[in-house]
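Enquirer: Chain order of the listed sequences is V and D.
So that you can map any letter, position 316 of the first sequence is 316 in this note's numbering, and since no number is skipped, the others follow by simple counting.
So that you can map any letter, position 178 of the second sequence is 178 in this note's numbering, and since no number is skipped, the others follow by simple counting.
Rather than coming from a laboratory, the hints here were simulated on the basis of the structure.
Even glycine gets a Cβ: it sits at the ideal position worked out from N, Cα and C.
Hints may be right or wrong, so weigh each one.
What the hints assert, rightly or not - Covered stretches of chain V (in silico footprint by chain D; criterion: 3 or more residues with CB under 8 Å from a CB of chain D, positions within the stretch not fixed): (1) 190 to 204; (2) 277 to 289.
What the hints assert, rightly or not - Straight-line Cα separation of at most 20 Å, SDA-like style, residue types lysine to any residue; simulated pairs: (3) V:Lys163 with V:Leu80; (4) V:Lys163 with V:Tyr250; (5) D:Lys126 with V:Arg193; (6) V:Lys297 with V:Tyr37; (7) D:Lys126 with D:Ile87; (8) D:Lys126 with V:Ser197; (9) D:Lys126 with V:Pro305; (10) V:Lys297 with V:His84; (11) V:Lys163 with V:Leu290.
Stated by the list, open to error - Which chain V residues stay away from chain D? Per the calculated CB distances, all over 12 Å, these: (12) Ala12; (13) Gly24; (14) Ile34; (15) Gln95; (16) Thr126; (17) Val171; (18) Arg208; (19) Gly274; (20) Val341.
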Amino acid sequence: MLRKHSRALIIALLFLIVVIPSWGGIYDDYIQLILFYIGINVIMATSLNLINGYMGEFSCGHAGFMAVGAYVTSVITVILFAGHPNLGPARLSPQWSVFVFPIALVAGGIAAAVAGLLVAIPSFRTRGDYLAIITLAVNYIVKSAIENMEIIGGPRGFVGMGKVVNGMQQVLNIPWVLIWTFIGALVTIFLIRNFVSSTRGKSVIAIREDEIAAELMSVDTRRTKVVAFMLSSGLAGIAGGLFAHGPGGYINPGTFTILKSTEAMVMVYMGGMGSITGSIMSAIIFTILLELLRPLKVFKWVVIPLLLILLMLFRPEGLMGNRELTDIFPRLRALFPPSDVGLPPQESREVLEYAPVSD
Amino acid sequence: MPLCQIRGLTHYFGGLRAVYDFNLDLEEGELIGLIGPNGAGKTTVFNLVCGVYRPTEGEIRFNGTDIVGLRPHQITALGIARTFQNIRLWGQRTVLDNIRIAQYARVRYGLLDAFFHTPRYWAEEKEILHRSLELLDLLDLKAYAYEQAQNLPYGLQRRVEIARALATQPRLLLLDEPAAGMNPAEIEDLLDLIHWIRDQFHLTIWVIEHQMRLIMSICERIKVLDFGETIAEGTPAEIQANPRVIQAYLGEEVA
Chain V
1 MLRKHSRALI IALLFLIVVI PSWGGIYDDY IQLILFYIGI NVIMATSLNL INGYMGEFSC
61 GHAGFMAVGA YVTSVITVIL FAGHPNLGPA RLSPQWSVFV FPIALVAGGI AAAVAGLLVA
121 IPSFRTRGDY LAIITLAVNY IVKSAIENME IIGGPRGFVG MGKVVNGMQQ VLNIPWVLIW
181 TFIGALVTIF LIRNFVSSTR GKSVIAIRED EIAAELMSVD TRRTKVVAFM LSSGLAGIAG
241 GLFAHGPGGY INPGTFTILK STEAMVMVYM GGMGSITGSI MSAIIFTILL ELLRPLKVFK
301 WVVIPLLLIL LMLFRPEGLM GNRELTDIFP RLRALFPPSD VGLPPQESRE VLEYAPVSD
Chain D
1 MPLCQIRGLT HYFGGLRAVY DFNLDLEEGE LIGLIGPNGA GKTTVFNLVC GVYRPTEGEI
61 RFNGTDIVGL RPHQITALGI ARTFQNIRLW GQRTVLDNIR IAQYARVRYG LLDAFFHTPR
121 YWAEEKEILH RSLELLDLLD LKAYAYEQAQ NLPYGLQRRV EIARALATQP RLLLLDEPAA
181 GMNPAEIEDL LDLIHWIRDQ FHLTIWVIEH QMRLIMSICE RIKVLDFGET IAEGTPAEIQ
241 ANPRVIQAYL GEEVA
């Protein structure tokens, strides 16, 4: 019973914990902001985990794709609903943004996915450190390109998203962006979990374990890499689009530097490579930790890296290692529908039906 | 028409000639051996056939198709599978996953089915699962289906590698030193396994091996390479008596 309705249950629970209190004014703006950052970070960490964890490549330019998504989404919404000194007045009444916002998010995601090809295609020929340098370069290319586009504000940044969000709130006064952020996080988790549990998606892991063996065992490694990089960067783009519509309604290229990419990487390695629940947990912990340590001011950036060093020394595989929460607490499986037909027999009726494993 | 036809296969690594003018016709159902001293170019021949390297010269036709220049996964999908000299399983995955991933080429559902786990996805994944368990059952590996491949003993890992190659549904199976590191009892089992696989799956098998006992007792035809060149070809008895082979392996007698 629980298993059947677990998805609805999770969504209902999220609304109960996150959205309704925010709407009803129980959470103040500050707590809402933290929840918003948690949602964004869950998307960033989980999507990067597909590359750095599951595929075993070292991508350190994730913020570049976030920037592409942030700018494309905001340019669309601002042109249509807010108007911008360089881009002309608003074309549509701000109320329509309720419907267009999710479409603009997807458009930003698609643009970021296309940008992901900048990394995917070199990855056919290079691996490891060399590919890491390429991802780093892509991060810089995106940032410099935006800095040099005067029409969208260049290094001064881009504004107007606040009006778009206000437009949505005129229609119905609920925390729209927060809701979309949590929907985005759920969709990210859902897509990546589904992909890596399919035979098609498991090839990503085969590439990590032994790429040559994968290619020789009929896996189209190029196609797999393109799919993985585009999915990962596309989701980062959606995170960017959401981020741009956060409180303040302002973005500038300086936000999407290597430091932002590093944050995403830290969350992946802290949570455990190849563990979705690990990435979710570490995104939550990391975001809250950043806030808790705020009184330390600049020393925050001494304490947090120190904690990381300690974590890597004493638990190099991260919080979860390669496992999921359901591997540690198998009873949780009762809550979730299985993502994979081939789980050990005690956990999957399917296999038991086939024939019991003897001996 | 032979299943696989190799003509004038030549490969250079920079200035080093690894394989020179290699010719071979593999008939359907044959069991052929490829031997030679270390560094003779045996594995290179396999890598050329599988598409890991593109030959400098020469022609490889498989089942009537020219496969030179195809990417390895395309060649595998056409029906050539192999095992590796040093085991190359996906160690951290379960044995079952190793078998399932090797069926990648036969997955017909699209990406969207994989993203959203549509009914089509479940139907096909179940099919793949059943096929995989069946194969593991046939090879007496079913008890290990949920073990991580890297945790199995060496001999079993070799067996899993053969199972994984079979999962791609090959017509030609290339075994690269399947007996390396095995003790005599394990080699005995391997002999039976290779024979049994050929009959069960109607395969053509091509083996590289250093274990003369194995190669002499299972192969119908043997080819001997030395420094990339074919120095002898024939039945096991002919090869054993061939003076050039003895010279290549043992060196020349000092007069």
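Enquirer: Taking the hints in turn, state whether each one holds.
Expert: Now the hints, each set against the structure:
no.: 1; hint: 190 to 204; result: holds (count 9)
no.: 2; hint: 277 to 289; result: violated (count 0)
no.: 3; hint: V:Lys163 with V:Leu80; result: 11 Å, holds
no.: 4; hint: V:Lys163 with V:Tyr250; result: 11 Å, holds
no.: 5; hint: D:Lys126 with V:Arg193; result: 18 Å, holds
no.: 6; hint: V:Lys297 with V:Tyr37; result: 19 Å, holds
no.: 7; hint: D:Lys126 with D:Ile87; result: 28 Å, violated
no.: 8; hint: D:Lys126 with V:Ser197; result: 13 Å, holds
no.: 9; hint: D:Lys126 with V:Pro305; result: 46 Å, violated
no.: 10; hint: V:Lys297 with V:His84; result: 35 Å, violated
no.: 11; hint: V:Lys163 with V:Leu290; result: 29 Å, violated
no.: 12; hint: Ala12; result: 21 Å, holds
no.: 13; hint: Gly24; result: 33 Å, holds
no.: 14; hint: Ile34; result: 30 Å, holds
no.: 15; hint: Gln95; result: 31 Å, holds
no.: 16; hint: Thr126; result: 17 Å, holds
no.: 17; hint: Val171; result: 29 Å, holds
no.: 18; hint: Arg208; result: 8 Å, violated
no.: 19; hint: Gly274; result: 9 Å, violated
no.: 20; hint: Val341; result: 5 Å, violated
Checked against the numbered hints listed earlier, the structure breaks hints 2, 7, 9, 10, 11, 18, 19, 20; every other hint is satisfied.
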